[in-house]
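Keeping their order, the protein sequence lines are chains A and B.
Heads up: the first sequence begins at 22 in this note's numbering, then just goes up one per residue.
Heads up: the second sequence begins at 19 in this note's numbering, then just goes up one per residue.
Note that these hints are calculated values from the structure, not bench results.
These numbers come from a predicted model, not from an experiment.
Yeah, the Cβ is synthetic: ideal placement off N, Cα and C, and Gly gets one too.
Any given hint might turn out to be false.
[As the list claims (entries may be wrong)] Which stretches of chain B does chain A cover? Using the computed rule of at least three CB atoms under 8 Å from a CB of chain A, they are: (1) 321 to 335; (2) 394 to 406; (3) 452 to 460; (4) 472 to 483.
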Amino acid sequence: MLQNAWIIPFFPLIAFIVLLLFGKVLKPYAPYVGMVALGFSFVASVVVLVERMGTETFGAAVEWITIGESTVTMGFEVTPLNAMMLFVVTSVSFLVHVFSKQYMREDDRIHVFYAYLGLFSFSMLGLVLAPNILQLFIFWELVGLCSFLLVGFWYFKPEAAAAAKKAFLVTRIGDVGLLIGLILLFNATGSFEYGAAFEAINNGQVSSGLVTAIALCIFLGAVGKSAQFPLHVWLPDAMEGPTPVSALIHAATMVAAGVYLVAVMYPVFQSSGTALTVVAYTGAVTAIFAASIALVNTDIKRILAYSTVSQLGLMMLALGTAGYVAGLFHLMTHAFFKGLLFLAAGSVIYALHHRQNINEMGGIWRNMKVTSVTFLIGALALAGVFPLAGFWSKEGVLAAVWSHGDPVLLSIMIITSFLTAFYMFRLFFKVFLGQFRGDPEVSHPRENTKWMTVPLVTLAALAVVAGVVNSPLSGYALEGFLVEGLTLGDQAHGGIGLAALSLFLSGAGILLAWVKYGRSQAVGTEHSKGFIKTLLVNKYYMDELYEAVVVTPVLALSRVLQRFDRFAVDGTVNVVARSLRSVGKAAGKQHNGQMQTYGLVTIVGSIAILVVAFMVRGYFG
Amino acid sequence: MIPNILSLLVFLPLAGAIVLLLIPRENKNVIRSMAVGTSLLALVLSVAVWSAFDRTVSGMQMGESYPWIDFGIVQIDYALGIDGLSLPLLLLTTIISTVAIVASFTIRERVKEYYVWTLVLITGMLGVFAALDLFLFFLFFELTLIPMFFIIGIWGGKKRSYASFKFLLYTGLGSAVMFMAFIALAFKGADAMNLASATFNMVGLAEAFSNPSNSEAISSTFKAGLFLALLVGFAVKLPIFPLHTWLPDAYAEAPIPATMILAGVLSKLGAYGILRVGYGILPDQAVSFATLIAILGVINIIYGASLALVQTDLRKLIAYASISHMGIILLGAASFTQAGVQGAIFQMVSHGLITALLFFMAGALYVRTKTYTLSELGGLAKSVPVLTGFMLAAALASLGLPGMSGFVSELLAFMGIFGASPDVIPQATVIAVIGALGIILTAAYLLWAVQRTAFGQMDDKYRGLHDARPLEYVPMIGLLGASILIGVFPHLLSDVINSTVIEFVSRIGG
């Protein structure tokens with residue numbers, strides 16, 4: 022099967038093409054087309070993963086383009102890392118396909134929605150299977166396109182259209198960095214292939230300054246895609262897309278591609294201490310920054326979005342502090358529990374007829390048991406409560422940061438852990454406990470059908486057990502699998518002490534949330550207003566800052582240039598033209614403008630030609 | 019292989035034009051079918067040339083050469099031939115011409131004249147790409163100018179008179195400068211080779227000017243002056259800032275099929291001229307002006323993109339985008355690397371396909387909405403989802419989305435400029451990074467344009483518009499398909515170009 026792993030992305034691609042061409046006819050069956058395709062991909066991924074555990078990395082490639090003397094190839098390879106990713110992507114994608122059947126039921130363009138989901142799955146799987154950074158970049162851009170299409174799926178809503186554009190543009194800033202990085206890498210090492218490029222770097226063929234530059238350029242791409250500070254601003258807005266999309270693209274898979282990128286390019290980062298430090302600090306700042314905004318936000322999806330930003334920051338922090346396995350382990354568990362949280366949120370939103378303000382929710386627990394319980398499991402996992410998946414992976418990150426020894430990073434990690442538990446349970450208590458405070462029309466939401474609850478239960482099960490794979494219970498099996506072929510330092514493991522610290526932080530956060538929002542029945546609107554609260558509610562004014570520092574000046578400059586173009590450049594020409602024309606009119610007897618003009622130009626041209634010919638001839642002597 | 023296949027290809031459209039003259043003007047359908055048939059035949063011929071082309075040969079092939087005019091002091095040959103630089107452009111020309119002629123069903127007045135001019139124009143373009151004699155090159159170059167002047171002036175929009183005048187003035191003067199340089203090249207070259215009469219033969223001139231033993235006969239100052247004159251002459255066509263202001267008017271006023279040809283092929287004549295004549299005959303001067311060309315390229319990229327950002331008219335927006343994308347060609351060419359030169363050629367082809375598609379889409383929307391003003395459009399995805407879908411695809415291709423040709427050419431051009439030797443371009447990295455910022459601006463204005471036309475709320479007056487018609491699928495699928503084909507399988511194109519590029523760069527480097 023490893024030899025045929027290339028087929029995994031092609032199932033959803035076929036679904037995309039079929040739905041694109043015959044979507045109108047197939048509309049009622051569109052969800053099944055998508056589900057079947059992803060079903061095949063999932064099964065194939067499981068086979069590949071199992072098979073990969075027993076064998077070695079397999080790769081194959083064909084010629085893509087010849088550039089002078091060098092040839093660039095495209096192909097695929099199956100490494101431990103991407104075998105794991107295949108499993109994560111296909112499983113979450115399949116469940117989202119199932120979930121969407123109900124969620125998107127009323128939408129007239131459901132076939133388009135499933136077509137886009139297929140294109141996304143193809144692109145994401147292609148990204149994961151890529152054996153070289155150029156191919157990764159190609160699919161990297163395609164997942165960005167799918168994100169654009171799906172965020173803007175409800176294109177008639179101005180907010181959705183604006184959010185789609187914003188998502189594409191902000192990530193494109195990072196993409197330009199990545200593009201420059203891969204070009205520099207190619208020019209320095211002569212190859213886009215991971216193996217060959219790493220070898221050249223390890224052999225010292227590339228100066229350390231250039232390695233740092235390459236690593237930072239590549240990291241810029243990761244910052245954009247994984248919504249790290251300061252390019253995180255697109256992700257919360259991307260919540261304008263349908264909620265299953267948020268679960269798949271903006272929680273579980275695409276946004277994790279930045280983390281995956283750093284992991285794939287890890288040997289480059291290892292060769293530059295500066296780059297690793299930048300990764301660690303960017304991740305840490307992002308983690309605490311986004312968590313703090315999540316404390317006060319009132320939109321169920323945006324809270325989860327900021328939480329995603331924050332958790333992606335923790336993954337980066339782990340990678341930056343030599344916690345390679347910890348970062349990737351957290352990527353995996355996060356995909357499951359954050360996918361779960363988004364889908365459960367989607368279940369609530371669907372039942373409430375697309376209302377998202379948590380101040381207008383409450384008491385959902387009584388009416389939607391499956392959704393509530395699965396959401397609670399997701400929240401506990403995210404908060405890092407034993408023995409759920411998030412506990413093990415967050416502890417891994419904590420251990421990496423601890424053994425790295427930087428007190429600033431450690432403090433940020435500790436505070437973020439506490440904040441995470443607090444905002445998640447603020448969210449949980451406000452949505453699921455207390456009395457319903459919203460529109461009386463929807464005060465008795467009903468639990469959704471099996472199409473929605475089965476994916477929730479499945480993901481909840483994964484959120485419970487997935488942590489085992491890298492715990493002492495399994496002898497850190499995932500670590501043994503992932504480190505194959507890599508030169509990594511010892512991966513830090515937390516002892517009882519760190520586990521206790523981690524649990525204490527989670528417990529404290531949940532307890533405080535209970536005191537503030539859970540205990541009393543009147544879990545209503547928060548009233549306190551203060552400088553910090555205002556700052557947080559306005560998301561540190563980042564959007565306004567970009568508007569003032571980037572958008573406005575660029576547009577102003579462009580308008581100035583337009584005036585310059587019209588009056589200075591074109592104006593000069595028009596003056597010359599007008600005087601020439603009047604000369605022409607004065608000289609000509611007929612006043613047939615255009616013909617005369619051509620005659621004039623020809624005459625002027627010919628005279629000039631003759632003059633030059635004469636001069637050159639004379640010059641010849 | 020058919021003998022003299024290049025001549026056949028070049029003059030086929032002209033022959034078609036002559037036949038059209040014999041058909042009574044009332045038989046519009048016969049005229050249309052004849053024109054489409056002629057362009058299709060030319061397309062088939064060019065595909066035959068493509069498949070017969072020997073990919074391992076770096077020099078000229080399929081050559082034809084006959085003595086033509088002998089003025090005593092001047093000897094002019096009829097010489098045609100192609101290499102990896104000209105072949106892709108020949109095929110581009112026949113593709114764009116065919117879809118443009120198919121797209122001309124919107125032309126309703128003076129149909130016969132319109133097609134005659136268009137076919138003459140096609141012969142002119144094909145001739146430029148196949149000519150190996152500078153004088154012949156010039157004649158074909160001029161042969162593109164006159165038909166386009168009439169097409170804009172007669173079938174253009176409201177400001178057609180102004181636009182055609184401006185087009186003519188600019189490109190005519192550009193040609194004059196170019197021709198002066200040609201004359202100087204010919205006479206000086208003859209002098210250096212001790213010939214009795216001047217020759218316009220490109221291959222012979224290239225040898226004369228690069229031969230070190232002629233360094234006394236031809237001073238480097240003179241050569242530098244010549245190179246600059248060529249650059250200026252061709253810059254108008256490309257166009258290069260600040261010689262570009264004819265373009266937005268011409269592109270916005272010409273009928274859509276003519277704009278497709280203008281933006282798709284005619285702009286490439288300038289780039290081709292710089293590479294073929296400037297780089298081909300004066301490689302050392304090209305190297306010494308590499309920094310200038312790279313800087314001009316970056317100015318084009320950023321300036322064009324900035325202006326595109328604030329346009330309120332869809333066609334002008336695409337026009338400025340076109341200026342911006344021409345900068346990529348300059349950047350790649352300036353780098354003197356294999357990747358860069360190949361990127362420049364890729365970009366010529368890619369931009370030709372994509373910009374023609376963009377203009378076609380703008381025109382297709384105009385036919386339905388009667389406006390190009392962005393603020394009057396919006397929400398069209400609801401009434402014409404297929405057209406707006408292709409519009410989005412064209413915009414994505416234009417902004418360099420992988421999987422389509424624009425990405426490959428941008429990648430190659432930037433690989434080239436980042437890899438440029440410091441001896442050729444001292445601060446290449448700085449120039450390259452500034453150029454790369456253009457990638458972000460490009461995405462901004464194109465997505466904005468799509469958002470303003472396709473997304474948002476739809477005005478009620480656009481309810482019930484007719485979506486794509488069968489004939490419209492020909493340009494849409496043809497152009498987008500070609501762009502995707504190159505984007506997914508770029509070796510289809512690189513195989514043809516590569517030998518020539520290797521030779522081209524080694525000559526400059528060595």
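With a C-beta cutoff of 8 Å, work out whether three or more residues of the stretch 472 to 483 of chain B approach chain A closely enough for the coverage to hold. n = 5 at 8 Å, threshold three: holds.
Given coverage of the stretch 321 to 335 of chain B by chain A, tested with a Cβ cutoff of 8 Å and a minimum of 3 residues: holds (count 5)
Under 8 Å between beta-carbons, do enough residues of the stretch 452 to 460 of chain B, three at least, approach chain A for the coverage claim to hold? As far as the stretch 452 to 460 of chain B goes, the hint holds, because 5 residues have Cβ atoms under 8 Å from chain A.
Verdict on chain A covering the stretch 394 to 406 of chain B, where coverage means 3 or more residues with a C-beta closer than 8 Å: holds (count 3)
Violation of the numbered hints given earlier is absent; every hint is satisfied by the structure.
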